[in-house]
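Put together the whole structure using the sequences plus the hints.
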Amino acid sequence: MSTGLLFALVGAALFPLGAAGLLLQRHLLRRILAFNLMGSGAFLVLVGLAQRQDVPDPVPQAMVLTGIVVAVAATALALALTRRLHALTGRLELPEAAHD
Amino acid sequence: MIDAQQAALVGLILLPLASGAAAFLLGPGRGAGLCIASQAAALFFALQLADSVLAGDIARHRIGGWGAPLGIDLTADGLAAAMLLLTQAVALPLALYARAYFRPDSAEVRYFWPLFGLLLAGLNALFVSTDLFNLYVTLELVGLAAVGLVGIGGGALQIAAALRYLFATLLGSGAYLLGVALIYGAYGSVAVASLTPLVAAEAPTLVGLAAGLMLLGLLLKTALFPCHYWLPPAHGGAAAPVSALLSALVVKASFYLILRLWLGPLAPLTASHPLLPWLPALLGAGAILWGSWQAIRAPRLKTMIAYSTVAQLGYLFLIFPLLGTPGGRAAGILHAVAHGLAKAAMFTAAGVLIKATGQDRIAALAGAAQQLPLTLFAFGLAGVTLMGLPPSAGFLAKWQLLDAALGQGYWGIVLITLSGGLLAAVYVFRVLRQAFLLTSSKTTVAPVPRTLEWTAFGLAGASLLLGLRGVELVELLAVWGWE
Amino acid sequence: MSANAALLLAVLASSFLPGLVIFLLPERQVALRTALNLAGAISKLALVSVLLDGVYRGETYAFRHAVLPGLELALKADALGLLFISLSAILWLLTTLYAIGYLEGAPHRSRFFGFFSLCVTATMGIAMAGNLFTFFVFYELLTLSTFPLVVHRGTAQAMQGGTVYLRYTLLGGALLLAGSVWLQHLLGHTEFAHAGIVAGLGAEQAGALRLIFFLLIAGLGVKAALVPLHGWLPQAMVAPAPVSALLHAVAVVKAGAFGIARVIYEVYGVEFAQSQGLLQPLAWLAAATIVWGSVRALFQDDLKKRLAFSTVSQVSYIALGLALFGPVATVGGLVHLVHQGIMKITLFFCAGNYAETLGIHKVSQMRGAGRRMPLTTLAFSIAALGMMGAPLTAGAVSKAWLMDGARAAGSDWAVWVLWASSLLNAAYFLPILWQAWFGRASSAWPDEHIAARGWRETAWLLLLPPLVTAAATLAVGIGAATSWSPLAWAQLIAAREYLAAAP
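In order, the protein sequence lines correspond to chains A, B and C. Add 1474 to the 1-based position in the first sequence for my numbering, that's all there is to it. Add 44 to the 1-based position in the second sequence for my numbering, that's all there is to it. Add 337 to the 1-based position in the third sequence for my numbering, that's all there is to it.
Check each hint, because a few of them may be wrong.
Unchecked claim - Sample of chain B residues facing chain C (criterion: CB under 8 angstroms; computed from the structure):
1. Ile-398
2. Pro-435
3. Asp-447
4. Leu-467
5. Arg-477
6. Leu-482
7. Val-518
8. Leu-521
9. Gly-525
Worth flagging that the hints you see were computed from the coordinates, not collected in a lab. For glycine and all other residues, C-beta sits at the position ideal for the given N, C-alpha and C.
Structure (structure tokens):
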């Protein structure tokens, strides 16, 4: 098994873990971490699957770099919103969906 | 050198981006003016682009002169031009509306204009991107800007709605990204032009998985039933111009991408089994019934309109079994355009009513509805399109959909379409009847800027008038550049 | 665009544009609003008379605009359409006058007259539709523009009536839409043409065509108030009197009846429809409606409800005439489209006068009304006698032609239906007339608004329209043989239809 494939498999395992956390966790910080885990999983797959030859493929590296920037921005936005919610409600969980 | 067509293509992305950034620096006062001016220019560009595409000339631009597969290509065919035109045509009135809607000293307006510019840049870029990874970036750009817009009000409910929306959109684009990663792993390319023949030649199971992930992620972002849970609080809780932007345009962006992928690079997979197109259609039917039912029950005006969006999105997926026919395709896009204009009109009209009364319970709107006849008229006209009654673009879409469904003998689609229209009538008339109720006491309503009323009316009028000009739109869609 | 095509658009615009302006007028601009209304109504009459002359001379009028590839908004003016157009244009003018008097000082008049104008525009569009698609567009527009008129008063009862109205008409619209799209799909167009368009489809489509016929007639039958689709009509009586007059005499029910005529003659073609056995069930349904409506009318104490059930019954005369195969019955049905309109609008004007002047809403309150309001009651009597088919009235002409047509078509049972209906008409109208003329007035009227001044028993704007239409009821009856009568025009249509249908 090549290193690349190993990375990809790890990524493939991380992604559902992260996705499940994003869906099932209630604590907002955990959900944000879960999102990052999920994103990292996708990045690993992207880089890992592309490394089938010994020569590294630069294109996925560039993509992952872009992806990381996006993920950082998303994390920042999520954190800012979480802080605001905490300031307003004193809680770090989403309120139950209002049924009115 | 770039010609006028390419200048329009690039301008449509750069103009909103630059004006959004400038609005951040200049502050809401001058920023608003700048954004409106740039939106007017963008509308001009979109018209110009649509005109040249209608002449059969597909617009292409290689960014920085680097072509695919290494560089990124921008392409605008008929479908993209139609979506660009819709986006600018909705965004310009909404910009005018937003300037009159927000109080100039409020905190929200500081964030609104930069995010507005960012959102439009993202949308316009999405419609012209032909590279799966670039599409991911634009998707995220749109998603993050939209989440920010939901949260600008700063109330606990809005922040919660924004977070819920953020997690949904991140999950959706995460799944999409994983799909892109698998595709790159399989073919070593993400440019649509080079992928299409590769997928057609050979598609291993991994690619099927990738396709599933991408489409599933996009379905979540389009809020197709039963993945719609995030939409009503986000669209119903945001400020009126934001709700209008989200319902009219943002959900259409991910739908656009689904349609593109379905008919483009993933076509060999989606055509592999005859029952596959019925999956989105089935969910679409569920969306129409469930969304309408919830809209009928919703006590609050904006919640009702948001559920109506859930229902109306269903029609967009009802067309999937009919995509093989040109009529089915036209029906879907016509509906997307009609709904975009009408839903923007409806949310803006609702914004006026809510601003005037300070609350949004449908049962308590009677006084305001009678003192703001123009707004109610706008709401009614938008409702005509949503019900699919003539003479409106929504009606043309419905006619076209029924025609295509009958052509294939799909009676289920006919039945769902007709009953969807009747259900829409129930929730639209719930609001309209308020205008005719006897009001016991003379309710006082707060004065509302006339700009708000007239922009709502203009949008509603556009959704109606488009019902007389369907030919151009269908001709535009015939210029197909993705296959 | 040719002048002839522009003329058709002008007929639409003459009510549409004033309507739009009226919406924007503030409530207190009474003079300007009245001027706009009358200018629109009079210019429409002028335009229609130009059309009438042109069609009589054999001129063709057509306008087309494609909205989707293969789908066109098409307008045309032909003899059949003009029958309906002229009726609507004349009665619109009278109803406008009446409504100006009726609503004096009432709230929301700009809204009322705005939708009123839209409603007339939709009616004109229905009459001028050149294909089923265009017909459907205006048919639904009519639904939308009449709803605000039905619920105009805003009471709980009005809202209830409006809801029922919408439920029926939107459901009917959905059926009509399904039928129209299906037809469009089979043929690639839905053009109205002499002798129909479906005959060439071949035998394998016979089942589909039968189903489409059912869908179309069911969709149209809602507005034409065919039993069992008539439930909205008595409920819609909560509307103000001018609206009831318009709904029941002109716009809505006639739109349904007119649509049935178009479908039978110009979509299916009368020969083809007969050969497929489509007309016979329709004739039976119409006959059932005639009898059922009359029977129900007998038991209504509310004056407007009694008139509403009478409408249910009378409008089906038209459907019956159309469904009985043969030119004579066709003439009877078509001429009744006009005659029923004139007579029924008179009755509703009068009912409005009783309500507005004296507060009379029920038949049981009519005692002595004839002595207090002789002119109104005279008009009411003429129209009621016309409905029964009394000699010299418009009703006599329609009934005679319908009965002759039934015999000519070999449907003697229809003659009996018509006789039974006449008897029932007499049974529910004569007691009213008796009470009004010969009953002893109770000490006070329920709610007297307008005092009598000399011979003028009520406001002159309320009095003039019913007198004119009552006079017209007699005029078209006595002058039926002249060349300008509705009968002559109906004969022209039937001649063109049956001659064109012959191979």
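Would the hint on B:Arg-477 stand, with a C-beta cut-off of 8 angstroms toward chain C?
6 angstroms, holds
Per-residue hint verdict: B:Val-518, partner chain C, C-beta under 8 angstroms
Holds. Min distance 6 angstroms.
Agreement of hint B:Pro-435 with chain C interface, Cβ distance less than 8 angstroms
5 angstroms, holds
Does B:Leu-482 hold up as a contact with chain C if the rule is Cβ-Cβ below 8 angstroms?
Because about 4 angstroms separates B:Leu-482 from the closest Cβ in chain C, which is inside the 8 angstroms limit, the hint holds.
Supplied contact hint for B:Leu-467, tested at 8 angstroms Cβ to chain C
Not OK, violated: B:Leu-467 not within 8 angstroms of chain C, min 11 angstroms.
Grab the minimum C-beta distance from B:Asp-447 to chain C and call the hint holds if it beats 8 angstroms, violated otherwise.
5 angstroms, holds
Was the hint right that B:Ile-398 lines chain C, CB cutoff 8 angstroms?
22 angstroms, violated
Double-check B:Gly-525 for me: the hint is only fine if its C-beta lies closer than 8 angstroms to a C-beta in chain C.
20 angstroms, violated
Report holds or violated for the interface hint on B:Leu-521, using the least CB-CB distance to chain C and a cut-off of 8 angstroms.
Hint on B:Leu-521: violated, closest Cβ of chain C at ~11 angstroms, above 8 angstroms.
Hint check: violations occur at hints 1, 4, 8 and 9; the rest are consistent with the structure.
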